[in-house]
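Visitor: Here are the chains, one letter per residue:
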Amino acid sequence: MIEIKKLTKQADNKLILRSVDLSIKKGETVAILGPNGAGKSTLLKVLATLIKPTSGQVVINGLDLKKNAISIKKLLGYLPHSSLLYDHYSPLENLIFFGNIYGVNKVEEKAIKLVKDVGLSFFLNEPVKNFSRGMIQRIAIARAIVHDPEILLLDEPHTGLDQGAISILNNVILSMKEKGATTLMVTHDFKQAAEICDRIIIVKNGKIVDDFVIEDHNLTFVSEKYELQVEGIS
Amino acid sequence: MNQMRTALFLAKKDLYSELKTKQILVTQIIFAALVIVVFSFAFDPANNTTKAVIPGVIWVIIVFSGILGLNRSFISEQRNDTIQGLLVAPMEATSIYLGKFLANFTMMLIVELVSIPFLFLLFDFKFLGSIPYFILVIFLGSFGFIAIGTFLAALAANSKSSEMLLPLLLFPITTPILIGVVQATRIILTNMEKFSSALAWIQLVTAYDVIFFVVCFLLIDYVLEV
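Top line first, the protein sequences correspond to chains A and B. Under the numbering used here, think of the first position of the first sequence as 1, with each following residue one higher. Under the numbering used here, think of the first position of the second sequence as 235, with each following residue one higher.
The hints are simulated quantities; they were obtained by calculation from the structure and are not laboratory data. Owing to the predicted nature of the structure, the values given are computational and were not obtained by experimental measurement. We treat Cβ as the ideally placed atom computed from N, Cα and C, and that holds for glycine. Check the hints yourself; a few may be wrong.
If you want the footprint, here are the derived chain B segments under chain A, 3+ residues with CB under 8 Å [as the list claims (entries may be wrong)]:
1) 290-301
2) 306-320
3) 323-336
Using the sequences provided together with the hints, build the complete structure.
Guide: This is the structure we're talking about:
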């Protein structure tokens with residue numbers, strides 16, 4: 001599904017990504033862990049077509065990222081730190097706008113259903129600017145999946161969420177997984193990573209230093225591996 | 235075709251936002267009204283020489299109220315990083331440019347539609363020239379100014395002092411357009427005998443509009459990269 005070969009990103013003489021090689025199969029849910037400044041979000045931004053790589057190749061669904069950016073963008077659902085929502089628009093208006101941009105059929109019906117799915121149907125026509133952080137994140141999740149993407153790119157999606165919103169987000173990721181979607185999630189939340197992901201990648205200094213499959217949601221195993229790679233504790 | 239469709243969605247979104255917030259258009263119209271009122275006090279409408287000031291006043295209104303709108307055009311997309319939402323969507327950077335251009339141009343035309351008749355009314359100006367050519371000059375001048383301004387607004391939006399940077403970049407580049415349209419407006423409004431000269435200015439502005447619109451279209455991809 002996603003093939004990354006010798007991916008390098010340089011900015012202001014600093015190497016952010018150093019010859020990253022990565023292969024992700026369709027339907028996998030992958031967590032990317034690592035300390036601050038390791039290059040996790042940059043990797044996600046390159047995949048989301050927001051940043052052009054300095055060198056290397058990214059192939060998604062058999063399509064080269066450089067040559068087929070528009071076709072690849074249709075497959076992606078991107079959820080960064082920011083909500084990417086228009087403050088003075090209601091959830092419905094936001095979802096209809098983004099749905100139209102993605103060419104979603106029956107966009108209004110889809111938008112109403114998504115707002116209901118994230119538990120905010122009472123606030124369908126309220127401006128987003130009046131919402132709490134958790135409510136905004138719920139609508140941001142709905143925005144990211146309005147076009148039923150085949151690949152979900154999530155950048156620290158659990159940050160600042162209450163238990164209800166975390167549960168909604170995890171359910172969205174798991175239901176997308178059931179539909180065959182591939183998920184890449186940058187996170188510092190090991191508990192959530194262990195709970196919903198089936199593979200963990202650890203990034204340090206722009207390189208992948210560990211890549212392993214996780215079984216039985218074993219949080220201790222993830223923590224030990226991370227400490228070994230990042231903090232040098234064995 | 236798809237490029238135009240997404241551009242229209244974006245323009246519609248911007249205009250609908252404006253309808254809800256009334257931040258830009260109201261400011262532009264208030265600014266235009268202030269300019270007209272100040273100039274009407276400074277120049278006696280009963281005096282014949284006042285006619286010579288009108289072309290300049292029209293373009294002062296368009297340029298400065300235009301900048302008010304252009305400044306907000308891309309800065310508004312920085313709140314909640316909504317520009318990233320547009321960049322990750324399956325649309326070309328040129329669609330974003332075209333959508334923003336259409337929204338800015340529509341708002342500019344609304345300001346002109348309100349302010350120019352008000353200006354003529356307050357200055358008791360009797361229109362003796364050609365109305366279709368006058369409309370053409372206003373259209374061409376606004377088109378070029380907004381086309382270049384939208385591109386430079388995208389460029390300046392990444393700077394911390396974008397509101398200062400935009401006029402600094404915009405005025406030198408749009409000077410040929412402004413000279414051309416002010417001259418053409420002056421001839422069309424006051425001295426139709428020299429119409430051939432106005433036509434030459436119109437041709438110059440048209441060529442400048444086309445060249446810069448194409449250049450902006452080609453370069454916008456590099457400007458909008460995160």
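Visitor: So, against the hints stated earlier in the document, which numbers end up violated here?
Guide: 1
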